[in-house]
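Trainee: Take a look at the letters that make up each chain.
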Amino acid sequence: MLEKALRGGRYYWTLIGFLSLAMFVGLLAYLFQMREGLTVTGLSRDVPWGFYIAQFTFLVGVAASAVMVVLPYYLHNHKSFGRLTVLGEFLAIAACGMCMLFVFVDMGQPTRVLNVMLHPTFNSLMFWDFLVLSGYLLLNVVISQVTFGAERKGVPPPRWIKPVIVLSIPWAVSIHTVTAFLYSGLEARAFWMTAILAPRFLASAFASGPSLLIILCLIVRRFTNFDPGREAIRTLSQIVTYALLINVFFVSVELFTGLYRRIHEHVEHFEYLFFGLEGKQALVPWMWTSQLFVLAALIVLLIPKLRKNDTILFVTCFAVVIAIWIEKGLGMVITGFIPSPLGRLTEYAPTPPELLISLGIYAFGALVLTVLYKIATSIREEIELG
Amino acid sequence: MDESKRGFLKIAGCSVLGVLGAAGMRTATDVGPGGKAVESSTTLSGKKWGMVVDSQRCLENEGCTACIEACHSTHNVPNIADPKEEVKWVWKESYEHTFPTQSHEYTKASLKEKPVLVLCNHCEDPPCVRVCPTQATWKREEDGLVMMDQHRCIGCRYCMVACPYGSRSFNWQDPRNALQGGINPEYPTRTKGVVEKCNFCAERLAKGQEPACVEACRKSAGAGALLFGDLEDPESEVSKLLSEKFSIQRKPGLGTKPQVYYLV
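Heads up: the protein sequence lines correspond to chains F and A, in order. Letter 198 of the first sequence, counting from 1, is numbered 198 in this note's numbering, and no numbers are missing. Letter 61 of the second sequence, counting from 1, is numbered 61 in this note's numbering, and no numbers are missing.
Don't read these hints as lab results, they were simulated from the structure. Please note: incorrect hints may appear among the correct ones.
[Said to hold, decoys possible] Okay, the calculated beta carbon distance ranges per label pair:
hint, chain 1, residue 1, chain 2, residue 2, range
1, F, 349, A, 221, 58 to 68 Å
2, A, 60, F, 173, 35 to 45 Å
3, A, 125, F, 173, 45 to 55 Å
4, A, 125, F, 150, 45 to 55 Å
5, A, 243, F, 289, 42 to 52 Å
6, F, 292, A, 142, 51 to 61 Å
7, F, 280, A, 112, 49 to 59 Å
[Claimed, not checked] Some residues of chain A that are not near chain F, with every Cβ distance over 10 Å (derived):
hint, residue
8, 42
9, 136
10, 193
11, 244
In this text, a Cβ means the ideal position worked out from N, Cα and C, and glycines have one as well.
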């Protein structure tokens with residue numbers, strides 16, 4: 001199938017060239033980080049994890065959200081998703097790749113990273129995360145390869161793939177749950193020590209992932225002859241609406257537990273996040289932007305007439321992705337460290353090398369996605385033209 | 001594309017992955033094993049090492065840093081000025097930061113600011129050990145020390161995230177550039193990108209010596225503000241002190257069971 005990625009128009013090659021350039025810049029920045037050490041980042045004693053790990057957390061959600069197209073199609077026989085599943089699976093593959101790279105660039109000793117497999121440690125959630133994420137990547141590669149290959153040949157997929165697909169559904173839930181457990185099992189960090197963290201992660205993932213998929217579908221429809229289908233996009237937008245509502249509910253449940261009881265250790269993190277502490281308020285404008293976007297998106301999504309307008313839907317989905325990205329890719333991880341367990345307020349902001357490396361990884365993900373989508377749309381066009 | 005080309009691409013792709021994987025494995029196996037305590041006739045042996053910090057006595061010589069200097073020069077701890085990147089095995093922290101649950105709005109401001117000596121607590125149930133994905137940090141069963149293998153550490157910093165006491169330091173930069181005081185050839189220096197912390201002087205215990213900080217304290221003006229011994233031995237100095245005097249631990253509510261106790 002790969003040969004389809006080697007034939008494309010001007011837009012395609014411009015995009016490929018641009019993404020390759022961004023990847024190259026990211027690589028150079030990473031070599032600089034390799035030489036100097038993680039001192040080139042904005043991380044510190046008090047904030048040992050930052051932008052990289054936060055992007056990882058956000059992207060695990062994007063990867064897991066493929067289940068939102070796989071589940072309705074394979075378990076509920078929701079026919080309109082038939083043309084969409086492969087796009088969801090390809091998105092999951094690209095997201096998994098980015099997740100792994102974001103963890104990799106965060107390592108102080110990247111050449112030793114296979115020690116995780118060499119000395120498997122069952123009590124470490126990081127080991128489990130490594131395991132479930134690799135498994136999920138493999139599952140999606142196999143499933144998309146087999147089902148899409150069969151579709152191309154015009155034959156039904158082999159019977160053995162069905163149980164594999166069914167397995168991928170709880171597996172998707174597991175990757176985000178394990179990622180939440182990475183945080184919520186730490187007595188040192190009151191901000192994360194809440195049972196709602198995993199459900200919250202899943203809800204926000206099922207809002208942001210399908211939003212991203214809607215954006216991608218609308219782009220695909222605009223630039224190729226392949227149409228993922230009006231009804232499929234409608235259903236996806238309903239999924240986004242439910243997931244976003246559930247996420248808002250989960251966040252309020254968490255705020256109630258912390259704020260009504262005013263558990264000091266818990267509350268001060270929220271204070272930092274939304275109002276700032278002792279004049280330190282780097283995240284405050286971001287968080288309010290996020291809240292505003294969620295509110296605006298909810299209003300639009302809850303009104304069917306607005307939701308059914310593709311242009312409005314496109315913008316709304318963008319707002320949802322940005323809002324959840326701020327919530328998970330900025331607020332969630334960093335705030336866990338501020339204040340520190342010793343009560344110190346050390347703020348954090350990513351540095352230019354850190355941002356360039358991250359940009360390079362996102363470019364890598366976008367490149368994988370572009371190539372995979374190119375293959376998918378070319379073959380679909382081929383099938384439909386007969 | 002015909003079948004043979006496709007087959008070739010698949011094999012080529014797998015081979016590249018395989019070679020990359022093998023290269024990674026080779027680097028990984030260079031790592032030394034997490035060693036056990038070296039037993040010899042002169043080894044100081046204890047079933048559960050612990051420390052008692054007599055904060056009152058320590059405060060009598062508020063400016064004294066004998067223990068810190070002894071520890072940091074013994075273990076080649078780099079001297080980095082930037083508080084965001086500093087590496088510390090033992091240091092002084094304000095009372096308020098050390099015992100956040102012990103100070104309240106009526107605690108005298110002067111007391112809140114008083115320095116208290118802090119170090120790795122060598123917890124009985126250490127969160128850092130629980131989270132480490134490579135067992136680069138582990139609990140030594142025979143004497144309760146929380147050990148660290150800097151050759152196995154991948155530098156993920158999960159242990160720093162998990163430690164409720166801020167006792168772990170990461171080498172954000174090459175520590176060898178910050179060893180102005182010279183290098184102690186008896187103890188290894190570290191590379192950038194690994195985590196380090198107090199090891200209760202495991203290497204000195206193996207030679208029958210008490211921890212460097214305790215020895216330095218004994219010789220200093222503060223004499224005896226730091227005491228070290230076997231908490232399982234009821235006759236040890238530390239056990240007797242803890243059974244006779246009022247002592248506290250840092251954040252006992254978390255259930256980590258710190259083995260550094262404070263007389264207040």
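Trainee: Broken hints, numbered, in rising order?
Mentor: Those not satisfied are hints 1, 2, 3, 5, 7, 9, 10.
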